[in-house]
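Trainee: Taken in order, these protein sequences are the chains called A and B. For the first sequence, position 203 matches number 234 in my numbering, and the numbering has no gaps at all. For the second sequence, position 268 matches number 299 in my numbering, and the numbering has no gaps at all.
Be a bit skeptical, because a hint or two may be false.
If several chains are the same, the list does not tell them apart, and a pair holds so long as it fits within one copy or across any two.
Using 25 angstroms as the maximum straight-line C-alpha spacing, the simulated SDA-like pairs for lysine to any residue come out as follows [said to hold, decoys possible]:
hint, residue 1, residue 2
1, Lys56, Ala82
2, Lys56, Asn91
3, Lys72, Gln166
4, Lys56, Asp258
5, Lys339, Ala218
6, Lys72, Thr142
7, Lys56, Gly123
8, Lys72, Val44
9, Lys72, Gln170
10, Lys339, Leu289
11, Lys72, Arg169
Simulated from the structure, these hints should not be mistaken for laboratory data. Quick caveat: nothing in here was measured; it's all calculated off a predicted structure.
Number of protein chains: 2
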Amino acid sequence: MVTLAEVARHAGVSASTVSYVLSGKRSISAPTRERVEHSIKELGYHPNAGARALASSRSNILALMVPLRTDMYVPVMMEIAIAVATTARSHGYDVLLLTGEEGPAAVRRVTGSGLADAMIVMDVELEDERLPLLQAARQPTVLIGLPADTVGLTCVDLDFTATGALCAEHLADLGHRDIAVVGEAPAVYERHTGFAERTLEGLRRRAAALGVRLLHRPCEGSYESMDGTLSRIFDERPGTTGFVVQNETAIDPLLSLLRRQGRAVPEDVSVVAICPEQVATQASVRLTSVAIPADEMGRRAVELAVAKLEGGAPEEQVTLLAPELTVRASSGPAPGTA
Amino acid sequence: MVTLAEVARHAGVSASTVSYVLSGKRSISAPTRERVEHSIKELGYHPNAGARALASSRSNILALMVPLRTDMYVPVMMEIAIAVATTARSHGYDVLLLTGEEGPAAVRRVTGSGLADAMIVMDVELEDERLPLLQAARQPTVLIGLPADTVGLTCVDLDFTATGALCAEHLADLGHRDIAVVGEAPAVYERHTGFAERTLEGLRRRAAALGVRLLHRPCEGSYESMDGTLSRIFDERPGTTGFVVQNETAIDPLLSLLRRQGRAVPEDVSVVAICPEQVATQASVRLTSVAIPADEMGRRAVELAVAKLEGGAPEEQVTLLAPELTVRASSGPAPGTA
DNA sequence: CAGAGCCGTCGAAGCGCTTCAACACCGCAT
DNA sequence: ATGCGGTGTTGAAGCGCTTCGACGGCTCTG
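With the sequences and hints as input, model every part of the structure.
Mentor: In structure tokens:
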């Protein structure tokens, strides 16, 4: 194993000079720098991460806490995780993967040991038990998701309230007067994961303002569950012509069952989905949708974390990404509309 | 920040005693141990990861390289990743998430810097350019997937050859004489990701042995692509009554399109899927399937890595998990069979 | 041409931990 | 009583790096 000292000897300089060449924190003359760089290459030197962390109290690692539940739509999680890893690398950081399983214990372990310089936490609940620990930690934190109280916290999320409003508005504009919301699995609401409730609130408010009736039903992603949900919706509101789906795994069952019931999309019923672009374009009908910008959320989270680390970032900062609705083939004028 | 020395002072012992209490590498009398443990708790001490890594040349971190391609079925990747993280924790390791993007450079960085004690590499290609580096590395490596040459390597994978054979056999047993294989996207084959080719080989061999005709068509996961694939299959082999699907994203389109064409499953055609359990049970028809044991693959990989680290593991070891076929509602006797 | 100031380099002091050799002490057998 | 092995504890030497203060030599200015 090659050490800094060996590089120094090989280049005929002192260890500190090599260190300064590496970090650029002190000016080094061009000839010396080249000599050192040449030695580094020739010896195949790689700085030792542990020694570096010890001496500088910086690990150059970002911790990412992902939930390990499977009732969330996994591809979104994965896309965020990959965006985080990729963006982190471009800033010189590596990513430590923590599962939510350990909960607060994981937070304590990481903040206590200096394993990571900052933490990014996904799938934050409204009243998350990790929050007090995170706020007390030395390390900066960025949340993906929005807890109830954001005082002193840095958060990134899609503006789900606006997303709900946008969906309601789109369907109302098309003349739909009875809208059904196929929501996430009941467990997601019970856990008080903010985004689901926020979406609903946005939907309700805008629907009320526009004089549209709204019916919300949580739903698992299975065919059975969707079958039951659909029956109950049409029993209660036979005139339903608009659907908003927020559970990605429910999309295929929904479209499939509507078709089997002889309801054509978008002629008889319109469907608006809240899901990643890829899902919207690969479904059996190209879906009018509001995209979940997983990639951008991951990227932003890392950039905020890095900004906090390198100084010059406000303590509190809530970044809500504006939703964008893309009209595709699954939504159209309500039946009976001019 | 609390250090070992402070704990030692607080407990009235030397630093080394505290260290030995922590590591258990030397016997410590019960009273002393309790005093030290009490001090640790009272001061809220957490050992510093960097210092520990430097002194012991062990980081207690496992690196996990995941592909960042999206043509693989993401949930399987995620499930493996989560199993790796969870199992690693239970052995006292954390997981560093590396994306395949960096390729060999990431391997060099991690092995060179001692960031991780071992590496687990997913989505290995038959001739993977990272292999030579991994073999030369100080750190042990475990592959999830099977390269062409496994000399000196430790690998874990589902036995895809046996999986293919099992599928062929099941359909043949039911009297099907014309089987179509809906494979992964063409890119997966072009990249020479072993599992797809192995499955095919298993299918072909067993089909041939059983006198069954086999037609293989790669397929993207979209409805358009599946539509084209199906037409071509039935054009070429109108008598096709058995399907094997290996592309998870293609399952819904396949079932949906078969239904639209008026082909009933399993009355007219049987379908066998190679996919995670959850997908098989949540599809519109409960699918006869061979499960992809993502969870077990992740767990085994970590256990092998840990075994190699703590000594007592053979250098070369290929673990092929035996496939299990579960009969559900999507397969039945071929039409015209007694 | 002396002094101030800057640039490039170096030596040394740690960062917080692990681990080895050494030692004090005990009870045991001789 | 003497020596011996075992147990529990300690001091000190690093692990490989960063970083601070210092210093020699240079240019620039008055």
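Trainee: With reference to the structure, classify each hint as holding or not holding.
Mentor: Verification of the hints:
1. Both within a single protomer and between protomers do Lys56 and Ala82 lie at most 25 angstroms apart by alpha-carbon distance, with minima of 18 angstroms and 23 angstroms respectively.
2. For the identical chains of this complex, Lys56 and Asn91 are intra-copy neighbours only, at 16 angstroms inside a copy versus 30 angstroms across copies, given an alpha-carbon limit of 25 angstroms.
3. In the homo-oligomer, the alpha carbons of Lys72 and Gln166 lie at most 25 angstroms apart only across protomers (21 angstroms), although the nearest pairing inside one protomer, at 42 angstroms, exceeds that limit.
4. When the C-alpha separation of Lys56 and Asp258 is checked against a cutoff of 25 angstroms, the pair qualifies neither within a copy, at 64 angstroms, nor between copies, at 60 angstroms.
5. Within a single copy, Lys339 and Ala218 get their C-alpha atoms no closer than 34 angstroms, and across copies no closer than 40 angstroms, so neither meets the 25 angstroms cut-off.
6. For the homomeric pair Lys72 and Thr142, the shortest alpha-carbon distance between copies (16 angstroms) is at most 25 angstroms, but the shortest distance inside one copy (35 angstroms) is not.
7. Within a single copy, Lys56 and Gly123 get their C-alpha atoms as close as 16 angstroms, which meets the 25 angstroms cut-off; across copies the closest is 36 angstroms, which misses it.
8. Proximity of Lys72 and Val44 under a CA criterion of 25 angstroms is satisfied intra-copy only: 16 angstroms inside one chain copy versus 46 angstroms between copies.
9. Taking identical chains as interchangeable, the C-alpha atoms of Lys72 and Gln170 lie at most 25 angstroms apart only when they sit on different chains, with a minimum of 21 angstroms there against 34 angstroms within one chain.
10. Within a single copy, Lys339 and Leu289 get their C-alpha atoms no closer than 49 angstroms, and across copies no closer than 54 angstroms, so neither meets the 25 angstroms cut-off.
11. In this assembly of identical chains, the alpha carbons of Lys72 and Arg169 lie at most 25 angstroms apart only when taken from different copies (19 angstroms versus 36 angstroms within one copy).
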